[in-house]
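From first to last, the protein sequence lines are chains E and P. Per this note's numbering: the first sequence = residues 1 to 254. Per this note's numbering: the second sequence = residues 1 to 267.
None of these hints come from the bench; they were simulated from the model. If a hint is listed, it holds; no wrong ones were tucked in.
For lysine to aspartate or glutamate, the following EDC-like pairs were computed, each having C-alpha atoms within a straight-line distance of at most 16 Å: (1) P:Lys78 x P:Asp174; (2) P:Lys80 x P:Asp174; (3) E:Lys62 x E:Asp74; (4) E:Lys83 x E:Glu36; (5) E:Lys90 x P:Glu161; (6) P:Lys35 x E:Asp95.
All values reported here derive from a predicted model rather than from experimental measurement.
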Amino acid sequence: MDSSAAEKKPLISVENVSFNDGYGPVLLDITLPIHEGDFLSIIGPIGSGKTTHLNIILGLLKPTRGRVRIMGKDLEEFADWPKIGYIPQKATHFDPLFPASAKEVVAMALGPSRLLSRGTRRREESAIRHALQVVGMEEFKNRRIGRLSGGQQQRIFIARAIVNGPRILFLDEPTTGVDAETQGYFYDLLDRLNTQEGITIVLVTHDIGIVDKHISQVACLNQRLVYHGSHGEFCRSETFKDILAGGHLVSHRH
Amino acid sequence: MDAFFTYGFLQRALLAGIFIAVACAVLGVFLLLRKDAMIGHGLSHITFAGVALGLFLHMMPLAVALAFSVLASLGIMKLKESAGLYGDTAIAIVSSLGMALGIILATLSQNFGVALLNYLFGEILAIEPVEVWLSMALATVVVVLVVGNYRKFMSLTFDRESARVSGIRVRRLDTLITILASVTIVLGMKVVGILLVSALIVIPAAAGLQLASNFKAAIVLSCGVGLVSVIAGLALAFVLDLPASGMIVLVGFSIFGLFFLLRKGKI
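Could you build all of it, start to finish, from the sequences and the hints given here?
Encoded structure:
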């Protein structure tokens, strides 16, 4: 971690977090700060606790020990969830016959109701339009979500995750089952969100192929945090070599 | 046509039927997409016990059925969560319990056979004025709550995990939708009877989902099918002197068939 980042208050801090699922430890003593502007990839073999770690940050699971702070607040007190964008691993596993248009899916992340004042409705419309433009899906807004391709659906889910103008975006294994070309577009899009829209990106993946191009920080989990640092150092690190040698992770470095 | 304006009972049936049809149709879309279509069937059986108890105790059967249905729906939710049962197992257990209680109560007080039959097969034409007002009020509450929470319900139904992270209190909404379902079942029971009430919830929604390309369209179409079913069903029943409940469901099914063929491009 470079020194300027260390001085800043982290956007999210995971402090000494352990998690036991009743069968045994899943995570042990994880301490991981995430700073504004980071493009962090949390990698690790399947079953290494990556998703559990993410679910703890998102408040979906309660840690057995330790604590999580989001934007300076304890997780229990944090209420500004619209500022957190999230795309779950199973996002594309929805019911393909679900009768929602792409636009309606994006709108799901917005406020509680449609019975709003005209001003609010106009603001919502423009937020939806902007989100759809960012992911390049405006022309498909009226298409039923189940009739879009996997890559297009993924872009709609990104639009849904950014429609509230979040400060941080979490993605859990977003490219599972997506072809290489679509993946390329997808990571370029994340890069654009990171650099142009200023959104901090946290990407959970067992695919370290993307590490090369876009990631600024890498955290490698295997029950414990075995590595955390810049991407450049990571590629030269023993951890990386171990992982490649062990064949635990998918690698297709370009 | 004049008959509708001459006979008070027809007006009452139509008025209550319209309100109840809309409530069933709106909620039905959510229940179907949540794969909860069978909850209507299950709750209607427990409602049978409620009605039997109401008649047994000489209390308003609709009110007792309402209490029974709400409690049972919460019971099903609890069973699903804590007993580790599959969704329809909990429904099957609770609905058979309801039927069993109903049969026992019916046998214990042998003199209300006809009244109970009316509840089983539906007798909207015999709806009493106080029941019309109660039905209209409850149906309005159901529709207002669903429309008011429309986006949250849609989000929860589509992607539960994202809904949770976006700050939606999913458990609270689950409870709300379950209670609304139980109230709607009891209302629907008045129109088509215990045995057919799930049709009022499932058929319009299923028909709407055949043709809808977005969520709003699904709701609007479902309501349309529900309304046409009740109005045309009542009219046909009156003209042909056949049971209203059966005609309402038949009209609904015909529209479903039509929409199905339209979607398949067969028409």
